[in-house]
Amino acid sequence: MTLEPPKLTTFQELRASSAAHAFADAELRELVEPKYGIITGYATLMAQLETLRRIDLGATPPAQGVPVQGGDP
Amino acid sequence: MTPAEILRTPAARLARAIAGGEVTASAVTGACLDRIEALDGKARAFIEVTADAALARAAALDRRGGGGPLHGVPFAVKDVFDMHGVRTTAGSRVLHDNIAQADAHAVTCLAEAGGVALGKLNLHEFAYGATGENPVFGTPVNPYDPSRLAGGSSSGSAAAVAWGLVPFALGTDTGGSVRAPAALTGLVGLKPTYGRVSVRGMIPYCWSLDHVGILARTVEDAGLVLGAIAVPDPGDPGCAQASVSDYAAAAQAGDDLSGVTIGLPRDYFFEGADPEILRAAEAAAGQLEARGAALRDVTLPDMAHARTVSLTIQMPEALSYHMRWLEDRGALYGADFRAGLALGQNLLAEHYVRAKRMVTRYRDGVDHALARVDVLLTPAAPAVAPPVGAVEVTTAGVTEPAGNAITRYTSFFNMTGHPAITMPAGLHGSGLPMGVQLVGRHFDEAGLLRVAGALARAPGVQVPPPSV
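Residue numbers (numbering that gives the first Met the number 0), protein chains in the order written: chain A, 0 to 72; chain B, 0 to 467.
Hints in this document: simulated from the structure, not taken from any laboratory. Each hint can be trusted.
Which residues of chain A face chain B? A partial, calculated answer using Cβ under 7 Å:
{"hint": "1", "residue": "Leu-51"}
{"hint": "2", "residue": "Leu-56"}
{"hint": "3", "residue": "Pro-61"}
{"hint": "4", "residue": "Ala-62"}
All figures in this text were calculated on a predicted structure; none of them were measured in a lab. For every residue, glycine included, the Cβ atom is placed at its ideal position computed from N, Cα and C.
Please work from the sequences and hints to get the whole structure.
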């Protein structure tokens, strides 16, 4: 599936209709046109998550804490 | 001991000197405070120095005598750990009025071991980034070249130890925030097993990935401090009830590594890095082999999605924690962090759960590798410390955001929860430190420190102290 690049208006509409924090337009714009260099933008992350979605994880459960098996071996 | 001798003496040796009457806790504390006064204007390591309380504490320890394994040894903590009566800012204006009502569990443990707290250390705001840059409190810099970063997010912890202001410091490690800055500044950085050390009294960044960590000058010191803080804590539901070894002794257990197998995950971890750093990692493996260890190539899970998985866990968890301040204090956050939180708000719940399921895969894959070898060895970082202000780093043809480069080889083991240590591996041609990373089995910090200790005593590994 080819993902459409997100528009600022998409995030604005979600902001208006979600039980969520009302991030400012400037912060939502960083998702569309990233410039701070820490996140690579929503479209890039979604493309990566789409690839991840195609991995068959079978019945693998979510990770929990690391179980202790007798402490130091 | 003269002040100069005090300042270059590692923590374990200082503790022995104080116990043996060679020097007092007050003299050691005074020497550190004087150096902070002289150099922290350049280092930018401290957010708050608790000098009066430290001197009073040291004097009391001198009067009382005896004590724990860190009796009279100064330290400082990343400013996400609570110290009773002291402001905990997390490097942010958001918490400008946040006075702690009690010590964090790790701080309590260090006090019970006889340590002397000197104050709170700088960091990337709320431990969000690996460059350690902080527009509110200044950016900690690297003593080997002050135009370079100390790394982050525990930037102040790395700078404090590397500039010789304290013998050791506590940091936190969510994607390499202890190990990476340690590697960039010529220090030892230890991240224990997930859950080994209580996080009670610590401001979280991402509950699923946060680890308390240690920055020190020697492997023995890292082991000594781990022994002090690895105290099971019923007040932290995520803290393991695991048995604790004499980790300092493990680090000093000798150089014979016969029977130990070192795994080299050559895919991903030995690619796209500075050739000098790769040679240093190969040389470190050779030193371990020369001490009797066997070397074996191993394959870890596919890393192609590792950073995506980590980010998909980090941002929703960070957003959930910070939601309580976003309405009233939102304007006090840095713009980059708020943008990251906005990303966290626009991920699907299934993305988060899928990422957590990938973590199970990763953890199983590393466990599988560690069933055949005792310890993994990788470079600590693909490049030396980037310049202050660097947005991107290009190494061996790979261009990536500076923060991604700094933590490229470390963040995976926050997801898997395995104990990992970074340590010096010689000086780069640029004069900056290089490092390697060793990774052990869950809760086998003793085995990890045994190998690290042997490597630390090998020729060509140590780095000279910076000329500051």
